[in-house]
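4 protein chains.
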Amino acid sequence: MIRFNNDYSHGAHPKVLEALARTNEESYGGYGQDVWCEKAAAVIKKHLNCPQADIHFLVGGTQANFTVIASALRPYQSVLSADTGHINVHETGAVENCGHKVQTLPAVNGKISAAQIREEAELYRTSDIPEHITQPKMVYISHPTEYGTIYSRKELEEISAVCREYGLYLFVDGARMGYGLGASGADVTLEDFARLTDVFYIGGTKCGALFGEAVVIVNPLLQTDFRSYMKQNGAMLAKGWLLGLQFCALFENDLYFEITKKAVEYAMEIRRAFAEKGIPAYIESDTNQQFVILENRQMETLAKNYVFEFEKKIDDTHSCVRFCTSWSTKPEEIRALTEDIRRL
Amino acid sequence: MIRFNNDYSHGAHPKVLEALARTNEESYGGYGQDVWCEKAAAVIKKHLNCPQADIHFLVGGTQANFTVIASALRPYQSVLSADTGHINVHETGAVENCGHKVQTLPAVNGKISAAQIREEAELYRTSDIPEHITQPKMVYISHPTEYGTIYSRKELEEISAVCREYGLYLFVDGARMGYGLGASGADVTLEDFARLTDVFYIGGTKCGALFGEAVVIVNPLLQTDFRSYMKQNGAMLAKGWLLGLQFCALFENDLYFEITKKAVEYAMEIRRAFAEKGIPAYIESDTNQQFVILENRQMETLAKNYVFEFEKKIDDTHSCVRFCTSWSTKPEEIRALTEDIRRL
Amino acid sequence: MIRFNNDYSHGAHPKVLEALARTNEESYGGYGQDVWCEKAAAVIKKHLNCPQADIHFLVGGTQANFTVIASALRPYQSVLSADTGHINVHETGAVENCGHKVQTLPAVNGKISAAQIREEAELYRTSDIPEHITQPKMVYISHPTEYGTIYSRKELEEISAVCREYGLYLFVDGARMGYGLGASGADVTLEDFARLTDVFYIGGTKCGALFGEAVVIVNPLLQTDFRSYMKQNGAMLAKGWLLGLQFCALFENDLYFEITKKAVEYAMEIRRAFAEKGIPAYIESDTNQQFVILENRQMETLAKNYVFEFEKKIDDTHSCVRFCTSWSTKPEEIRALTEDIRRL
Amino acid sequence: MIRFNNDYSHGAHPKVLEALARTNEESYGGYGQDVWCEKAAAVIKKHLNCPQADIHFLVGGTQANFTVIASALRPYQSVLSADTGHINVHETGAVENCGHKVQTLPAVNGKISAAQIREEAELYRTSDIPEHITQPKMVYISHPTEYGTIYSRKELEEISAVCREYGLYLFVDGARMGYGLGASGADVTLEDFARLTDVFYIGGTKCGALFGEAVVIVNPLLQTDFRSYMKQNGAMLAKGWLLGLQFCALFENDLYFEITKKAVEYAMEIRRAFAEKGIPAYIESDTNQQFVILENRQMETLAKNYVFEFEKKIDDTHSCVRFCTSWSTKPEEIRALTEDIRRL
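Chains as they are written, first to last, in the numbering used here: chain Z, 473 to 816; chain R, 473 to 816; chain Y, 473 to 816; chain A, 473 to 816.
One chain only, chain Z, in its complex shape (with noise of 0.2 Å):
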């Protein structure tokens, strides 16, 4: 069975594990404050442009989600995201656990647009009896969207310029930033993101680490005791240095971006496998998740040899399922997978 099911299911690049086994014999501090986490965060920093940005490395994406709103959010502000948006779907209320409102908005093709934030915004601005409601103080968009989908520059500093505009923090989470930056029509780099948004993060666990994500705080408002939010929330990992060693392994020659791109490669050879073949997609996407909607029997002939998912029912006889390509991903797998579906 090969698995096409998600981006997280090898351990890590060959270099990052090569870093681990180099370093195992040396010791270090704890809790982040090390040379190798400061040696990431310097790399990191090259990309963006934004010398006074303060980079942290916890170890998941959800922890990373809730730690940053918990920090950023006073206990009657809301966060406004995407209705598909992973905090509010797949988190089990992880931010509301932190006390905050996920305030929804109905996402197109995973995003939401400056125009529906500006709505919000409004609402709450002009509204008669502001204490009877929650305050909406951040946005949270994912890049790539959890729909695989990305945001252009314009997108983005559309969104950026209402939020400022409105005192509105701007959150990205880049759980698959590899992929979103290596997208095929991709405008938008690391460099847009510091100079657009107040926090966001850069995807380690999917995108090359064995765990990871690099948390870069651009509002020095949201910069103040984060380490005190991060030991608060489980977020602090006792061997910090396990999380800058590999940041530094995936920035060092830039491998990460090369990782990413090449994964995206993969996926639009999926893309282009599947309609050929004249099997529609569920939503167009540029990056390494491609979802598309299959003939049940069709599902099953590909079950078969490879691991995917299933996402929903559409109708009697359809499903949406969903491909995922990654840095893992190897070019005969790819091989065999388009030979199949040419073959259905």
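To be clear, the hints were calculated from the coordinates, so they are not data collected in a lab.
Accuracy of the hints is not assured; some may be wrong.
The list makes no distinction among identical chains, and a pair is therefore deemed to hold if it is satisfied within one copy or across any two copies.
Here are the simulated lysine-lysine pairs, DSS-like style, with alpha carbons at most 30 Å apart [stated by the list, open to error]: (1) K776 x K511; (2) K487 x K626; (3) K734 x K802.
With chain Z's structure known, arrange chains R, Y and A on it following the hints.
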């Protein structure tokens, strides 16, 4: 100016105030452990046919809502609510502040259905990844709803049945309970609520008391240590007898039912006056809240003599507004308003 | 039986009740935005010499405590309190329920000192690992304390100075404020509290009102959106004018000061009676609460005619008990008690 | 410089790293549902004699502590802990952030006793006003404690008995479990913990793993939906097999027991060296942490070649410091240190 803007703009029914005056020289034990709370519980229980119910007196509706929900749910559990539900839109995220997601269902006329509840419960039951999503564990409905509509006995029985099938608690916000029981077409009684729900409350604040809500806990699982939740949430009035006393005054001789029924009759006069004038209802309501769509010109005319609540803009020339009667509405106020409606 | 067990066992001062009766036919805007709350704030402000203060009316003490603390602290910040402080021992963990640690200091006669506060603040300031410990950010004191003792102006000035030096908010729980201001040796005034604290409250529940606490927010940082915190925590009474009205009745003509001073005088009579009898005070108190150490035999004798509060066992033959006077105490009750003490 | 400052300054035991390298090419299901977690649970269970236990793998100690406590307690319930307990002093109020009071008991040598627990439980049981205080519902102890001391089997049996008598959950923080099991005078086994507690964990981070704690849930009441708590609290590692794999490597062939026992033997050599030199222990510890009282001059001398942890000032010329051995300590490091101690 005559106020029809809400049902909490006057003090208390004279009999309630008399009771306070009559007992002011007496002394009582604190925190709801006194003879008046006992008596009030006893007189309310006569209407319930439910000797094992626990009755607690809280100060207000938001407080009752979040205290009950906090006492019932574990951190990963959510409460299902109409998207128009008070806990979702007008309580400043109080439920989320207690750590719980309000999982919304699209309301029809302010109401949700057994079928909608079943669908959500079934989604959780059949999920492959239940630990990634919140568990719906309670259903919150308002009776009457925020739009003045009421559930029929049949609808409540269906909702109750699906809740019991899936192990969900059913919680009824009865902030306006009196107006629901006294609604023109109402076929539900307090006994029905005791039979069909796990916990509900009988609103005093909007129904003749200075303040106060009688929370009736039917399900023994929810009775355990409820007073601890009250104290922890600031919901245990030091001079608790003030609450018991008011409910005694309201429930002895069925004053509660009588004054709210009268308020509904007044509301029906308003409804008829609008209907005869050809002014459409926004939602057909059988209770004390009447939502109508006025031309802006009509709105301005009525605003000269009456205070009513602007709800929202319908289009450039029309608005939805709310007229509310209450136990304190006077016949001459209704006469004046209905005449002015006819003159529009 | 005559009640000396607490200071919240009677309704309200007759003038408060009269105010409620007089205005019962009137109608007002809801949620504390009405003419009586405005007037009450104005009349209280006359005593503060602090025009920029914000005044809000909440229903009870526990509610006031946790709402203020929740509004002031970030999740990793803690509140310093005497270990005997009400928030630490008698509010069912309400502060922790809001997510904050109550960091205790050993009390001397119910009080804490500037030196103790400095020590804790200094521990945090000089910590090598501040992110592993909570940050003390607020100091909570009660005036009078839970043992009836009071802070001198000098003590308050010292505490205030150390709080300002270390950036800690100073919060005074004034549930029994009247009895503190009226204490025999008292040299502090409301103006002192406005000058020296960031936020404090003036208790109504125990000082002549049916219920209600006037929260005075001096520090502009703590004023922002406080009404949102009130609503979220169920601390915004629908008929808010009931609170303003009561405080108007209490503060017009200085009734508040007069009735609490009288209660303290009565307490001093009890104190003298015990002292003359050779019955030792558990703690010397200049306010309405008197803690004495009775022989169990004496306790049983007094218990025949009086209700008082058992505090704790001292040894096999002695117990600490509390006698409380209040605004509702009558001269004949004091006469009876002091005579019975002499007869012991 | 040789590090004796803590037990988490090196990567992992070589066999753990080998396991990661060996499996890096494989692919697995996510979130702890994989063959390695299954195997690890099975191999650990062999030591427990408790087939019905549930075993979950979390990333770190603070995370394990608050996730377990949050899963066990209702909002008004508190956890009893030594005042020196890790959850009370070094986790940034993580437990309070989940809404629960840490109710402290004065520790003796880092430990608390059954008698102390009984006293607190009895206070609640016999309280006249239980709803005004938090309900102790869980006991948290560390084994070994934060001062390196250990509980005897008899002490644990007494604590367990009083917990069961009063319906308290017993939770053991075993972040350093290996060093406790391998302590010189230890008479407790993993089987004892499974027999006597409701939930405990076996620390990996400090005992040979890169990271990871194996939480053993014995009480079925605490097993329900624990994975939901994990996900909600960011404690469910995406690549969960990394945790199972490490515990397999540690528990196959009893490596875990062997390497921690060796570390304790090294610690005993340090202890003897100090004792022979007449340098007093701050607390007598039979495990890998040694706390001694050095003259400041001695401290400075040793600080030239060794990193160790300053704990606190004892007086103007003496300090308490900690020397920690671990699975990664080398014989030549011990030789060097003990010689340098002798030379002091």
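Consistency of the hints with the structure:
1. K776 x K511: between (45 Å within a copy, 27 Å between copies)
2. K487 x K626: neither (35 Å within a copy, 51 Å between copies)
3. K734 x K802: For K734 and K802, the Cα distance is within 30 Å only inside one copy (10 Å; across copies 44 Å).
Taken one by one, the earlier hints fail for this structure only at number 2.
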